[in-house]
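K.L.:
Based on the hints, put chain R in the right spot on chain Z.
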Amino acid sequence: MELAEEESEWNQITGANWHGLGLTDPIKNVEDKWLLLPAFLKVKGLVKQHIDSFNYFVETDIKNIVKANNKVTSDVDPRFWLKYTDINVGLPDRNEPEAIDKRVTPHECRLRDITYSAPIIVTIHYTRGRNIVQRNVNIGRLPIMLRSSKCVLTNKTPAQLARMTECPLDPGGLLRGQRDGEGDPCSGAIEQESDYRRVGRRERDRPGVVYLVCCRIFGRSKFSHSLHSSTHGGLKSKTYVATKKGKIYLRHNCVHEDIPIVIALKALGVQADKEILLLTAGNTESYKTAFSANLEDAAKLGVFTRQQALEYIGTRVKVNRRVMGPRRPAWEEAMEALATIVLAHIPVNGLDLRPKAIFVATMTRRVLMAMEDEKMVDDRDYVGNKRLELAGQLLALLFEDLFKTYNATLKTAIDKVLKKQSRTNEFDAFNTMQFQGDHLTSGFTRAISTGNWSLKRFKMERAGVTHVLSRLSFISALGMMTRISSQFEKTRKVSGPRALQPSQWGVLCPSDTPEGEACGLVKNLALMTHITTDVEEEPVIRLAFMLGVEDINLATGTEIYGPHTFVVNVNGTIIGLTRYPTRFVSQFRRLRRARRVSEFVSVYINHHHKAVHIASDGGRICRPTIIVENGRPRVTSEHISLLKKGTVTFDDFLRKGLVEYLDVNEENDTFIALYESDIVPATTHLEIEPFTLLGAVAGLIPYPHHNQSPRNTYQCAMGKQAIGAIAYNQLNRIDTLLYLSVYPQQPMVKTKTIELVGYDRLPAGQNATVAVMSYSGYDIEDALILNKASLDRGYGRCQVLRKNATLIRKYPNGTYDRLADAPPDENNPGQVAKKYDIIQLDGLAGVGERVDPGDVYVNKQTPTNATDNSFNGQAATVPYKNTPMTYKSPVAGNIDKILISDTENDQTLIKVLIRQTRRPELGDKFSSRHGQKGVCGLIVNQEDMPFNDQGINPDTIMNPHGFPSRMTVGKMIELLAGKAGVLCGKLQYGTAFGGSKVEDMSRILVEHGFSYAGKDMLTSGITGEPLEAYVYFGPIYYQVYKTKTYGHGQDARPSEFCRGPRATLTRQPTEGRSREGGLRLGEMERDCLIGYGATQLLLERLMISSDKFEVNACSKCGLMGYNGWCTYCKSSKQMAQLTIPYAAKLLFQELIAMNVVPRLIISDPA
Amino acid sequence: MAQTYDPRRLVGIKAERVTDVSSRDFPGHYPDEDHSWSLNKFRENLTVKIWRVSNRSIDFDLVGVDASIANAFRRILIAEVPTICIENVYVYNNTSVVADEILAHRIGLIPLNVDPKTMDMRVDDDESTDRNTIVFDLKLECTRKKDAPKDSTVASELYNNHELLSGHLVWQPAGEQAEVFSKNPPAPTNPNIVLAKLRPGQGVEITLHAVKGVGKDHAKFSPVATASYRLLPNIVIKKPIPPHLAEKFQKCFSPGVINIDPRTKTVTVDEHNKRNDSVSREVLRHPEFDGYVELSRVRDHFLFNIESESAYPPQRLFTEAIAIMREKLTNIRRAAEALLDQPPDGDVVMSDS
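These protein sequences, in sequence, are chains Z and R. So in the UniProt record's numbering, the last spot in the first sequence is 1166, and the numbers never skip. So in the UniProt record's numbering, the last spot in the second sequence is 353, and the numbers never skip.
So that you can see chain Z by itself, here it is in the shape it has in the complex:
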């Protein structure tokens, strides 16, 4: 009976209970949850950060800026006003009035060197006479980011993109400005890392100060308080609370000297000492003791009341206002400074400075905490304390500056017209606006093409904001779009900001950083990183109050620092207190998951500071993760199968609260499981895929988790230089320099990242069969041996396309350049000179013709009087001189394409694309995807190469010494997986932290009759006997690089010749290959020759072949003369002629010029 009962109970447990699953069934893992990643990328794209930021600017921010600066009035006529009611950015169009089809594609702009821009249209209301008129005015043109909401490429199918000659794999996200003569004339807007530290920093090494703890804050004013402030946070003033000799002071740029903190607080309206003590030190005894000295200080200075404090500060405020009207009393100055400049990010209602006082008090408390416990100092390199500045923000700042200038000039223009008393017709401001010129357009173009953001109004002076996008390879362009550069000084030797921060996990790639001086300062985003844009703050604050936050202004120090109270901050501003932080935060999160607030608002508890922080500002780095509830991920296999079917998108996952964005700060408040099996009851989130912690460039490396980490870093730097396919439209592009691989292949061992970024469709490399063995001795120091037959069949072949552009100008005097037919040869009438033989009747070289060095390919002629301003009226009769374009490269090329077009300012533009095809030769650089670069050391005939039982020869032989010290085990596994893939006819995966398993690969090898270890028995191609060792043999993805030790073709030799250019000053040979320089015989080499006793060689190297110079010197006085005449002795009797280095002669003369007489003591050796 009992048994039966037990059994039924047992059956109940084991049987199907819920959704057909029993309790003892193993929990099914969410298969293929990585599919969320392509879903994410489909929505966001690889460069979503730039595009989102630009869209925010164009759609939201630009309107805010105009709203804040919406009125233009006149000083002359008080009745006149002009008001901007709306602003809109149109779609990009052709800025040519006579154009019939105004539509323009980015490709056309690229070819014609024009800016891809759209008109900015404002709606204005203004007074015209007695009427109020509404009109739309075009005030300028804004460069449009590719694939942003205003771009014509957005939401187009690949077929539509193909019709516009645009590559569907190109991520977009760049602004096109004109930049002459450099790379692709595309400037990618690049974000800069801004240091947005909240509180607490310790500085040592200050002379005279033992140590200084300071608490500083960048106030970013959100509201138009003063004349200087920007709507957008351009004016960043820093407010410090710092210690000096154990006492605490408030420091700000607008005050001459440090203000004792107690005085500052009194000035802010906290008069009672008791209250000050409570607000700063609370009830903690140690803090009270530390703070009491400050109270005494204020008393000593005789400051007791608010009025006294304001007077104290007022006398020290920097008054940098124009002198207008009577001088105000000191306390008013102080009030103004405190209300508007100090801590500008805190709103002030009326003259209620209480919020500011509380903020200063909390800053002070943080300083007190840090004084007592060093650990309370914030980590300045913590990623959560950083904000990234993107294209949108920078453009917004630029726009605001330009718009303000525009309004100012508009106002003066209007004033000028209104000043005239008698006007014939009614004044219409619209006409004035029409004649305002292209201030905005040129401002944008200039800033983007030079990269100089110099906005005096916002005290911003920054160079190098934009960069020319490198189109060397698809990956280099992609890598550049995800780059983050730090404003930190590159040259300073500090390790802190360069070190890998634990908080970088998942948001910044740990591998992708350059070597050398920018190491660790230039970073790259990880694959799933998103950067937030501003989210409106007020609703968030309202929501916080709704969730039971008590207003801060009602609290006293006792409450703020009470044992169970937590301060609630929104974007760094204290708004209130809560006693139930956990409940508050979880409720807030629940509302966010229900989409009641934006998904990019983050909330977290900081237990050290006993604070809840809510952040809604832009520039925070965040990433999506799967939410885990009750030990189970909310994303289930059902969701994934829906995703596979394509019925749901990533946004649906967000909307349903299955996935959420976590910023770096909120991550600290979570417990994220790496794999589903790691989930424990406390787990709150689950990673979508571990490999997303790498970026797009590091993601190309197969099995990176098996490599020594620096190798991955080297590969990240090198992979960008690999020659391959650039874009689907590569053959339609005319870039300054384009390197293309003739037969690119997708890698045998790929990664999920490769598929996601499209590297398998735009690859840069070939799967070479590699034998890891020693061969011939020409493979030392990482050199590679190449199979000549492989090269014959097209391995490593590449094309170089070079742009040569010229303008057919029209000159102001009415003359113009022209293209001319080839002139007849002077020596050989009736024939065309050799260098003109490819010129056709139109004065241009024929497409497809071979261009030899020295050939003319554009026979342009320029009028001789082009610079004369006098117009003689007969443009056709002026004499012309030849100004042809001559081919300079030492290697012949072919004319690939010629483009004839017009630029924006109506000059004829001719672009000639010249192509060279190169096959690999000695000295060319090759590399696998594991940072293992090597040059080609020898090219071996096929019959000399070793071969295996199948008769397969390797394409490349690599020396095994490359492995032990580099420890690139990933490369060995790549070979194994590649070989298995070849044998079973499948591509294998080498995805980080996953990928095809070595065991499976070995099994495939054995099944196909190969050794499990990937080692084959080879036969020497030279002796015909078997090799005594088995050789690791199989395909590895190899990349070819553009750089080479020497040039190509005829140039491929070191510079060695007996004559060449010389430096003017010293008459010594020039230095460096680019200046045809010599090779220096330096001090160390000289030492060797001295040691050897090779005096004649020394003499020859150091003088005769360098800067030998014949001088006449007087053996009597020892001074140099000339022509056998000593000017000092006034005689020619004892003159001697000798040969000295010119540099020595120069030295003597320089010494003489400085009143030092060097005398040559000359004696006859005989």
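Just so you know, these hints were derived from the structure itself, not from any lab. Everything numeric in this text was worked out from a predicted model, so none of it was measured. Careful, some of the hints might be misleading.
[What the hints assert, rightly or not] The list that follows gives simulated cross-link-like pairs (lysine-lysine, DSBU-like), each with its CA atoms no further than 30 Å apart:
| # | chain 1 | residue 1 | chain 2 | residue 2 |
| --- | --- | --- | --- | --- |
| 1 | Z | 156 | R | 145 |
| 2 | R | 14 | R | 197 |
| 3 | Z | 997 | R | 14 |
| 4 | Z | 1133 | Z | 1145 |
| 5 | R | 150 | Z | 156 |
| 6 | Z | 897 | R | 197 |
| 7 | Z | 925 | R | 216 |
| 8 | Z | 42 | Z | 71 |
[Claimed, not checked] Just the calculated beta-carbon pair ranges, DEER-fashion:
| # | chain 1 | residue 1 | chain 2 | residue 2 | range |
| --- | --- | --- | --- | --- | --- |
| 9 | Z | 834 | R | 170 | 18 to 28 Å |
| 10 | Z | 1003 | R | 339 | 51 to 61 Å |
| 11 | Z | 1003 | R | 19 | 26 to 36 Å |
| 12 | R | 201 | Z | 64 | 50 to 60 Å |
| 13 | Z | 834 | R | 207 | 22 to 32 Å |
| 14 | R | 90 | Z | 1003 | 24 to 34 Å |
| 15 | R | 207 | Z | 514 | 48 to 58 Å |
| 16 | Z | 737 | R | 93 | 39 to 49 Å |
| 17 | R | 201 | Z | 834 | 27 to 37 Å |
Cβ coordinates follow ideal geometry from the N, Cα and C atoms, glycine included.
P.N.:
Positioned in the frame of chain Z, the structure of chain R alone reads:
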């Protein structure tokens, strides 16, 4: 009965190394043994057995020669047996997406069916004649098909001549060529090699000159896809394999190499199929077979495989190689004799070629 080999003829296959790779049957290596070369002995040992001949490839055994000889044939096959290939490309028009040089390179790699015997080598500055050059024309223009289905995206349905194929080469007979090649007009061995893809408006017009050349100049002149050999595998079971491991043992070799008696589970090496073993050394990996089996290969037994990718039928290639080798030997002999005839101090002048 398993064939046993003289242990001196075997190359040892160990788990991590290969032993005794070189032959030692030369005079003076083994004391008191005569290993001087004799034609009779060589004749006795030399065997050539053809196993398989197809249109494109041949498998045969060459037994009883030194590795150097077998290798010499292999090397000659790859690098020195001449073929006819396109060397000069005159592009009149090429509007395809493939650049001229690359198209020329691709065209150069097309194997042609011209018997090299019928042509002379064109040396450096020779005039092109009907004896040393064959001319082809390649002219194609892609156009839209008028009756193409509207919604089709397939190139072959939409366009005429959407692919430029090796079959589009048109031979232009010159001089006596029309007569010489009347039986077998020059053409690519494979007419389906895609040279370029074309779209409406694109076309090519090219004249091609094919000449005779050898593989060491450029891989395109190599008459073989590959010519290689491997040594005959030899598997010796030292002691009987335990029946429960029989299947595992069998799996360590290529299929058919190991026989298991279905009744007694006795493991034997299949003498006929032994040659098919891939020598994966899998058996050496398993400790349970340690000492049960010995792997080796026969040093002078070469399993040749020649894959022809040219005008030559595969069976002719090897004899061609022998002819070239003989020619080289004659040259050397002539030079050696010249050396003997010369006064002792004078410089030796080798004859050309």
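K.L.:
For each hint, tell me whether it holds in the structure or not.
P.N.:
The hints, checked one at a time:
no., hint, in the structure
1, Z:156 x R:145, "holds, 28 Å"
2, R:14 x R:197, "violated, 51 Å"
3, Z:997 x R:14, "holds, 27 Å"
4, Z:1133 x Z:1145, "holds, 22 Å"
5, R:150 x Z:156, "holds, 22 Å"
6, Z:897 x R:197, "holds, 19 Å"
7, Z:925 x R:216, "holds, 24 Å"
8, Z:42 x Z:71, "violated, 42 Å"
9, Z:834 x R:170: 18 to 28 Å, "violated, 34 Å"
10, Z:1003 x R:339: 51 to 61 Å, "holds, 59 Å"
11, Z:1003 x R:19: 26 to 36 Å, "holds, 28 Å"
12, R:201 x Z:64: 50 to 60 Å, "holds, 51 Å"
13, Z:834 x R:207: 22 to 32 Å, "holds, 24 Å"
14, R:90 x Z:1003: 24 to 34 Å, "violated, 54 Å"
15, R:207 x Z:514: 48 to 58 Å, "holds, 51 Å"
16, Z:737 x R:93: 39 to 49 Å, "violated, 28 Å"
17, R:201 x Z:834: 27 to 37 Å, "holds, 34 Å"
Checked against the numbered hints above, the structure breaks hints 2, 8, 9, 14 and 16 and satisfies the rest.
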